[in-house]
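Residue 38 in numbering that gives the first Met the number 0 sits at position 39 of the sequence shown, and the numbers go up by one each step.
These aren't lab readings, by the way, just hints derived from the structure by calculation. Hints are not guaranteed to be accurate.
To be verified - Below, in silico cross-link-like pairs of lysine-lysine (BS3-like), each with a Cα-Cα straight-line distance of 25 Å or less:
1. Lys26 with Lys67
2. Lys83 with Lys19
3. Lys25 with Lys142
4. Lys19 with Lys82
5. Lys67 with Lys138
6. Lys24 with Lys82
7. Lys26 with Lys83
8. Lys24 with Lys40
9. Lys40 with Lys138
10. Lys40 with Lys83
Predicted model only: the values in this text are computed from it and were never measured.
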Amino acid sequence: MIINLPMRDATLCLIIQNGKILLGKKKRGFGEGKYNGYGGKVQEDETVLDSLLREVQEELGVILFPNKLIKMAEIEFIFPDSKKDWDQRVHIYLASEYEGVPEESEEMTVEEFDLSNIPYSSMWETDSHWLPIVLGGTKFRGKILFEEDCSTTKAFTYDPLPDFNR
0 MIINLPMRDA
10 TLCLIIQNGK
20 ILLGKKKRGF
30 GEGKYNGYGG
40 KVQEDETVLD
50 SLLREVQEEL
60 GVILFPNKLI
70 KMAEIEFIFP
80 DSKKDWDQRV
90 HIYLASEYEG
100 VPEESEEMTV
110 EEFDLSNIPY
120 SSMWETDSHW
130 LPIVLGGTKF
140 RGKILFEEDC
150 STTKAFTYDP
160 LPDFNR
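Make a model of the complete structure from these sequences and hints.
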């Protein structure tokens, strides 16, 4: 039986400066052991942008400048029927400026990688499909369907967009 659950919103921030990207390895929870950008679930009383600012400050210890953020993508991650409660729409932003010093948190490490040496083999497999598109400067809405193993891409589709309304 297929149950239609509402799509949960989440955020992801990719911080890029001087040809390098900051990524953290998740220490616990969803995606544990994988490198990712910083972000998380949008709470009921938050906007997407408020959630992004809060999550990055909690996980990385830095303050982002909202007017300097660039929204690059919205991707719906669709899991098999047995894990429908994992489905989420992720709002992906780029940042190149922030206030503070990035520090490891209870949830995430902090590591810097050259854009030419992103550790895709230690990330969600789906990242290798969409991240190069974002890093190439294309804004888009997309959808990723997962295989039954909940980690391999079954299908990825996207539509380029000229821009997003925040």
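> Hint by hint, which ones does the structure fall short of?
Replying inline: Result: hints 1, 2, 4 break, sorted rising.
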